[in-house]
Amino acid sequence: MTTFLDIILMDGYGYHVWSVLLIFLILLFINIFWVSQRLKKLLSDHKDLVD
Amino acid sequence: MTNKSPGVLDWILLITKRDLLISSKRSASYITPVAFFLIIVSLFPLAFGPEQKQLSSMASNIIWIAALLSSLLAIEGIFNNDFNDGTLEQIIMSGEPLFLLVIAKVFCHWLIAGAPIVVSSLLAGIFLYFSFENTLVLLFSLTLGSLLFSLLGAFGGALSLGKSPVLSTIIVLPFSIPVLILGTSCFNASINQQDYIVYLLYLGSLVAIGLPGLSVAIATSIKINYE
Amino acid sequence: MNRSNVFIAWSMKMGSPPGFFNWSTKWCFFIGLLSFLVLTVGLFWGIFYAPTDYKQGDVYRIIFMHVPAAILSQSILLLMASFGFILIVWRAKIAGMFVRAAAPVGASFTLLALLSGSIWGHPTWGTWWVWDARLTSTLLLFFIYTAIIGLYSSTDNKITADRSISLLSIVGIAIIPIIKKSVDWWQTLHQPSTFSLTSSPSMSYEMYLPLAICVVGFYLLFIYILLLRLRVEILYRERDTSWVKDYLNQRIG
Chain A
1 MTTFLDIILM DGYGYHVWSV LLIFLILLFI NIFWVSQRLK KLLSDHKDLV D
Chain B
1 MTNKSPGVLD WILLITKRDL LISSKRSASY ITPVAFFLII VSLFPLAFGP EQKQLSSMAS
61 NIIWIAALLS SLLAIEGIFN NDFNDGTLEQ IIMSGEPLFL LVIAKVFCHW LIAGAPIVVS
121 SLLAGIFLYF SFENTLVLLF SLTLGSLLFS LLGAFGGALS LGKSPVLSTI IVLPFSIPVL
181 ILGTSCFNAS INQQDYIVYL LYLGSLVAIG LPGLSVAIAT SIKINYE
Chain C
1 MNRSNVFIAW SMKMGSPPGF FNWSTKWCFF IGLLSFLVLT VGLFWGIFYA PTDYKQGDVY
61 RIIFMHVPAA ILSQSILLLM ASFGFILIVW RAKIAGMFVR AAAPVGASFT LLALLSGSIW
121 GHPTWGTWWV WDARLTSTLL LFFIYTAIIG LYSSTDNKIT ADRSISLLSI VGIAIIPIIK
181 KSVDWWQTLH QPSTFSLTSS PSMSYEMYLP LAICVVGFYL LFIYILLLRL RVEILYRERD
241 TSWVKDYLNQ RIG
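Chains as they are written, first to last, in the working numbering: chain A, 1 to 51; chain B, 1 to 227; chain C, 1 to 253.
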């Protein structure tokens, strides 16, 4: 593994490995995003009740 | 005349008689599954073309797929009708072990919807240039398979009691697919002169596990919906 | 206090929504941080420093995400079935919330396993998908998760919904022996299991160690996401109680 680009591309297999990592991160962020949206809705509903 | 309080067997007989009577009056309940089955079977020659060799090689697989789809259709109202008119509540309140009554109900449903499909698979075989030497294997595996489809469909119906019928289809399909695979592998093995008894044993063991296991699950799921 | 009293007191505290919520507040952040560290170490080691496979080249590095996702997709269903059983037998409300919270996470991991396996299969097997035993049964596992989520959302009464999905999870674990054993029963394309906790690994230690670290990291990540979802679910279900209202007031102010 000589240059940085060699390490990233991995003889053309880099596309596969990085796309899997991307899918993993996307799924992770979808989960966390859903949680934060639900919490936000809870807080805003509560605020409407209180005000 | 002694006035004995009704026991389990009385309830089982009552449910069986009632279901058979209702289905015999409502001709749709025993005609629709068979009609649907035969229609699906005839879709395949219409779509793939009437070439004999091709159809005869796919015949048993088509029959299995059609059996699965028509059992999904037929199982729709198995508990919903009784749920809507309150009979199901009476059955629960009888105090008898619910899973036995469930077995009775599912078996009746199979007699009305599943068994005719198994019999009409012979007619379907004629449509598809089926080679009749392997008939017994097909009939036997299809009997076991349709029993399982009825049990699984009843489980889906019990979980989605009072809700949309598509939901019960979604629930049932992932469990029906292994049964489908086993059934078609059984037949393909028998065509190729390989060991098909293994698959029949698998199907039989699934029925042996599924009959008590799924009936308890169905009974629990019905009681869940009533709490 | 003798031990059974302590156990009963602990399980009462954990079984009640406010008790669990307060207990998990400090653990949530810690587990999140720990999972981030372990995963970074594991993935970095695996993707950059593990030796190149002699047969497959560098594409095998997908294993560091594919195998943990697959392991977790089955473990999560087992956990859901266990907690579902606790709900049905002991009526512990929080067990039902666990099943509800874990279902989408399990579906995500199963999806990751399927997609990563497909992307890995394309250069090595020459095809994006093949209907062999393990892939088909993992696809069925994904359908079971979808059915669980669909069943929950279409039931209006949430107590009934919890019990229904608990029952479906319990019946659903029937697919797991099919996934595990199908590769041994039928000679198919997917390789037989090489990752096991008890027997010695059949791959070199230099690949096995980062893989094991990734598995641990994924488990921690699952616990973190589960805690987040479970806490939000508790807040939502108990939103009419005073302790939740106080907590939300605290969050706003």
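Keep in mind that the hints were calculated from the coordinates and are not lab data. Treat the numbers as computed from the prediction; the structure is a model and nothing was measured. Incorrect hints may appear among the rest.
Stated by the list, open to error - Ranges between beta-carbon positions, derived for each pair:
1) Phe4/A / Val130/C: 29 to 39 Å
2) Arg91/C / Gly12/A: 37 to 47 Å
3) Leu9/B / Lys245/C: 23 to 33 Å
4) Phe85/C / Asp10/B: 31 to 41 Å
5) Ser11/C / Leu21/B: 48 to 58 Å
Claimed, not checked - Listed next, the in silico DSS-like pairs over lysine-lysine satisfying Cα-Cα at most 30 Å (straight line):
6) Lys245/C / Lys47/A
7) Lys26/C / Lys180/C
8) Lys181/C / Lys93/C
9) Lys47/A / Lys26/C
10) Lys13/C / Lys47/A
Unchecked claim - Take a look, some chain B residues computed to stay more than 10 Å from chain C by CB distance:
11) Ile40
12) Pro174
13) Phe175
14) Gly204
Cβ atoms here follow ideal geometry from the backbone N, Cα and C, with glycine treated the same way.
Structure-based check of all given hints:
no., hint, in the structure
1, Phe4/A / Val130/C: 29 to 39 Å, "35 Å, holds"
2, Arg91/C / Gly12/A: 37 to 47 Å, "56 Å, violated"
3, Leu9/B / Lys245/C: 23 to 33 Å, "56 Å, violated"
4, Phe85/C / Asp10/B: 31 to 41 Å, "33 Å, holds"
5, Ser11/C / Leu21/B: 48 to 58 Å, "51 Å, holds"
6, Lys245/C / Lys47/A, "10 Å, holds"
7, Lys26/C / Lys180/C, "37 Å, violated"
8, Lys181/C / Lys93/C, "34 Å, violated"
9, Lys47/A / Lys26/C, "25 Å, holds"
10, Lys13/C / Lys47/A, "29 Å, holds"
11, Ile40, "21 Å, holds"
12, Pro174, "4 Å, violated"
13, Phe175, "7 Å, violated"
14, Gly204, "16 Å, holds"
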